[in-house]
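Chemist: Here is how the chains run, residue by residue.
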Amino acid sequence: MTKTNEGRFFEDYAVGQVIRHAVPRTVSGGERALYHALYPARHALYSSDLFAQSCGLPSSPIDDLAAFHVVFGKTVPDVSLNAVANLGYAEGRWLAPVYAGDTLRSESEVIGLKQNSNGKTGVVWVRTRGLNQNDQLVMEYVRWVMVRKRDADAAAPETVVPELKSVLAVEDLAIPRGLDFTGYDFELAGEPHRWGDYAIGEKIDHVDGVTIEEAEHMMATRLWQNTAKVHFDATFRPDGQRLIYGGHVISMARALSFNGLANAQMIVGLNGGAHANPCFSGTTVRAWSEVLDKAETSVPGVGAVRLRLVATSASGSMDLKGEDGKYLPHVLLDLDYWALMPV
Amino acid sequence: MTKTNEGRFFEDYAVGQVIRHAVPRTVSGGERALYHALYPARHALYSSDLFAQSCGLPSSPIDDLAAFHVVFGKTVPDVSLNAVANLGYAEGRWLAPVYAGDTLRSESEVIGLKQNSNGKTGVVWVRTRGLNQNDQLVMEYVRWVMVRKRDADAAAPETVVPELKSVLAVEDLAIPRGLDFTGYDFELAGEPHRWGDYAIGEKIDHVDGVTIEEAEHMMATRLWQNTAKVHFDATFRPDGQRLIYGGHVISMARALSFNGLANAQMIVGLNGGAHANPCFSGTTVRAWSEVLDKAETSVPGVGAVRLRLVATSASGSMDLKGEDGKYLPHVLLDLDYWALMPV
Amino acid sequence: MTKTNEGRFFEDYAVGQVIRHAVPRTVSGGERALYHALYPARHALYSSDLFAQSCGLPSSPIDDLAAFHVVFGKTVPDVSLNAVANLGYAEGRWLAPVYAGDTLRSESEVIGLKQNSNGKTGVVWVRTRGLNQNDQLVMEYVRWVMVRKRDADAAAPETVVPELKSVLAVEDLAIPRGLDFTGYDFELAGEPHRWGDYAIGEKIDHVDGVTIEEAEHMMATRLWQNTAKVHFDATFRPDGQRLIYGGHVISMARALSFNGLANAQMIVGLNGGAHANPCFSGTTVRAWSEVLDKAETSVPGVGAVRLRLVATSASGSMDLKGEDGKYLPHVLLDLDYWALMPV
Chain Y
403 MTKTNEGRFF EDYAVGQVIR HAVPRTVSGG ERALYHALYP ARHALYSSDL
453 FAQSCGLPSS PIDDLAAFHV VFGKTVPDVS LNAVANLGYA EGRWLAPVYA
503 GDTLRSESEV IGLKQNSNGK TGVVWVRTRG LNQNDQLVME YVRWVMVRKR
553 DADAAAPETV VPELKSVLAV EDLAIPRGLD FTGYDFELAG EPHRWGDYAI
603 GEKIDHVDGV TIEEAEHMMA TRLWQNTAKV HFDATFRPDG QRLIYGGHVI
653 SMARALSFNG LANAQMIVGL NGGAHANPCF SGTTVRAWSE VLDKAETSVP
703 GVGAVRLRLV ATSASGSMDL KGEDGKYLPH VLLDLDYWAL MPV
Chain S
403 MTKTNEGRFF EDYAVGQVIR HAVPRTVSGG ERALYHALYP ARHALYSSDL
453 FAQSCGLPSS PIDDLAAFHV VFGKTVPDVS LNAVANLGYA EGRWLAPVYA
503 GDTLRSESEV IGLKQNSNGK TGVVWVRTRG LNQNDQLVME YVRWVMVRKR
553 DADAAAPETV VPELKSVLAV EDLAIPRGLD FTGYDFELAG EPHRWGDYAI
603 GEKIDHVDGV TIEEAEHMMA TRLWQNTAKV HFDATFRPDG QRLIYGGHVI
653 SMARALSFNG LANAQMIVGL NGGAHANPCF SGTTVRAWSE VLDKAETSVP
703 GVGAVRLRLV ATSASGSMDL KGEDGKYLPH VLLDLDYWAL MPV
Chain X
403 MTKTNEGRFF EDYAVGQVIR HAVPRTVSGG ERALYHALYP ARHALYSSDL
453 FAQSCGLPSS PIDDLAAFHV VFGKTVPDVS LNAVANLGYA EGRWLAPVYA
503 GDTLRSESEV IGLKQNSNGK TGVVWVRTRG LNQNDQLVME YVRWVMVRKR
553 DADAAAPETV VPELKSVLAV EDLAIPRGLD FTGYDFELAG EPHRWGDYAI
603 GEKIDHVDGV TIEEAEHMMA TRLWQNTAKV HFDATFRPDG QRLIYGGHVI
653 SMARALSFNG LANAQMIVGL NGGAHANPCF SGTTVRAWSE VLDKAETSVP
703 GVGAVRLRLV ATSASGSMDL KGEDGKYLPH VLLDLDYWAL MPV
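Chains as they are written, first to last, in this note's numbering: chain Y, 403 to 745; chain S, 403 to 745; chain X, 403 to 745.
It is possible that part of the hints are untrue.
Any copy, or any two copies together, can satisfy a pair, since identical chains are not distinguished.
[To be verified] Distance condition first, Cα-Cα at most 20 Å in a straight line; then the derived EDC-like pairs of lysine to aspartate or glutamate:
1. Lys522 - Glu413
2. Lys551 - Glu509
3. Lys728 - Asp582
4. Lys405 - Asp587
5. Lys551 - Glu413
6. Lys551 - Asp736
7. Lys522 - Asp555
8. Lys605 - Glu589
9. Lys405 - Glu589
10. Lys605 - Glu511
11. Lys605 - Asp451
12. Lys728 - Asp537
No lab work stands behind these hints: they were computed from the structure.
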């Protein structure tokens, strides 16, 4: 029997099963510096210990999406090595900031299974949890992927499709203990726009663009210990291109959104997301956002905004889908998340 | 009104105005490791805690130019987003070493304004100061840039051209408290040449060359949170090239100068500098230096050398300018700085 | 006389000579994060402080090969700047783990000299030692290189060819103080295969491949302060290619070997190694291993495996040499090392 990991196939999952993912990770200032070298990340809370302390936190955490990538990367060998497609995200919640020195591990519970009618693939839903060295939950999210069957003749499991919230309610969001925006320094943060200045339906073109290089997306993806072959091996695809990890596009778009959303400091909820089209080296990634909703929170001074974050490979157009209801070819990412802002 | 930063235009500056720049930054061992991965930096004081301690410092600081880049990067959205040209530097002084754990912020005072005769642009002089978490000055420098006017019909401001020293006197230089080269280990530092071994007028060809890649200069420039579009967006220029941040060339040339100037440990003064020609990916950067001056300092064992550092895209020639007085096409950088050496 | 380092020539070495190499280095979480961004490194002991502590260590060390690269890099200006060829390694031993905060320096003792019959070159054997801030040995190895003579007419030195072990005995290996695999968590480590599951002669295809980029190998090589021109300067070779540092291929192959050897946690001995063919940007590196030997150690629960690690530029073939006894063109590396595994 081979000793290498061939990944799990559709038959290997059962509802209720909990998979402890391998290779826990201690993060340091190194991960943080690399994140800021790989993305134009500038949200002040994640850049300055003093700024974070002025907001009630003990020090500057690593970027929320870096924490997501660390948790996500560990799941790849167990969840998506034989995946045909990454279908969606839901109910993502950041539950505690991650600081330099923290050690993260991940586990996933299988919460849904549905064999496709072709008999060759099936959909697997997992709820993934990231935990720190104190077994404290730092984040959780649901992801579903289409996975190949090892044996097309294997019996189909009972279909279980989990009920998932299409949007998290503001009450579902965890606000970090101690967070306090009453002394928030808008000048140091980079923009004067507060929660009250954003209107539902407002769209913001983030203006800037970044042309992506192979070395960068591979370094990022490796740093999160994501092992999917397609990101690293130029011989894997017939066209010789390396598919860029979708999370790289998420982080790039989020960092670009600083320009217009500098005060949407903390990401606390992920309602959903689609990697609308694949992204390859040489693409110039741009981003725009739409304010989908706003809500007050239980913490004085802290407001929540629900944002659509769209990454594109072209400037100008804010169109998302064509007449056929499919994403237009220049749309790379359509993400729906909640962030915290000073009111 | 758009929420994105369109930058300041010439009319937005007034002499005496102080701009507090956004996004303070806490640096760590991560920034340091990245600096050493991006440049062939080997000055021992910035590589080893023990070496730094043997020179009287508490630990190894981050490279002086890394501190400069952090301070400089913050000024870009406020000073040079609409700049047509970066015209010069003067009176740069490093006032305190920056250590892992320090948090830096920047502010700039407008010290000069002069509208150009074409009425479309003007020159802005700013004195930028970098401060740490204790509000201690870590460095300051004057920079002047040519900036577009928003409205060509706007009235010209009163012309104020600051008087700037063409060269800092040795008395102007700040020598870090406690610095002591009396136990300096030349073998561990990499070369036997001491202050007394260098002669005014001496030129040193640093021999080595580094061919620059897009991924590297973008990672460096992002790490300093420098947001100028031209460095990242391949669609910005008609020729599809990304202009390399001038500071990347400065750091590359300084690192290359180790070979021949290994004991020019600390940069303490920046007299001036010109980015003579733009630099693009694929260029093999080389460097040579000329000893412009030497001076004793008030600290026993510590000498100062004034050096010209020239980066080029060709080997061999030490010519700087043509008969027309303009820089030759292979000259990328002409920098004039003071460094400290063991006598 | 030029102030730049022209390197040592064959005549400059004498048996018994000890060279203290320049530029000591303090490592931090930054070096660690970069190592994990540059290679798909996932051995749990080097990723998680908690995992390392569960194995009896105070925290997670930096990867053994990162420690090797730091020690090795310092020797380049003194040993291999004028080397024509890197001929071999032997008797490599890791003697103490390296942790963030440690400061490393290197020294080499010349232990052999043999002028070649052409009179133009000679072979130099050195035993290199890496020491930390407490003057504790962290590793040592023997390397021999072919070096040019400055003057072909210089007299040949007395020939001294050191006796070197072709393979270290298990008694020669240093097992880190406190190492304890009795509570080893195979699930978190990523694979169930223990020492007892591997058979002598067994070969493992590590399946994955990574296509190498210029920016990555240059960043890695610079981080180790390895200054050999051929790795950085595209104008150095007539074909315009930059030769990739052999250590980059070693680290890449070792990281790829996680898939099948996730529990071969610690590298403790280097028996030998050959850089069989040069590697250039664009190559997709793959790896396979062969179990050459197994041994019990003096520490309960800890077994030693002797592994051949082969890096190739092609998938599928496990052939090493042709009928002429020479390495086949697709073989990049043939390394022979000892690692520690849970029994």
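Chemist: Output the indices of the hints that this structure fails to meet, ascending.
Modeler: Hint check: 2, 3, 6, 8, 10, 11 and 12 fail, others pass.
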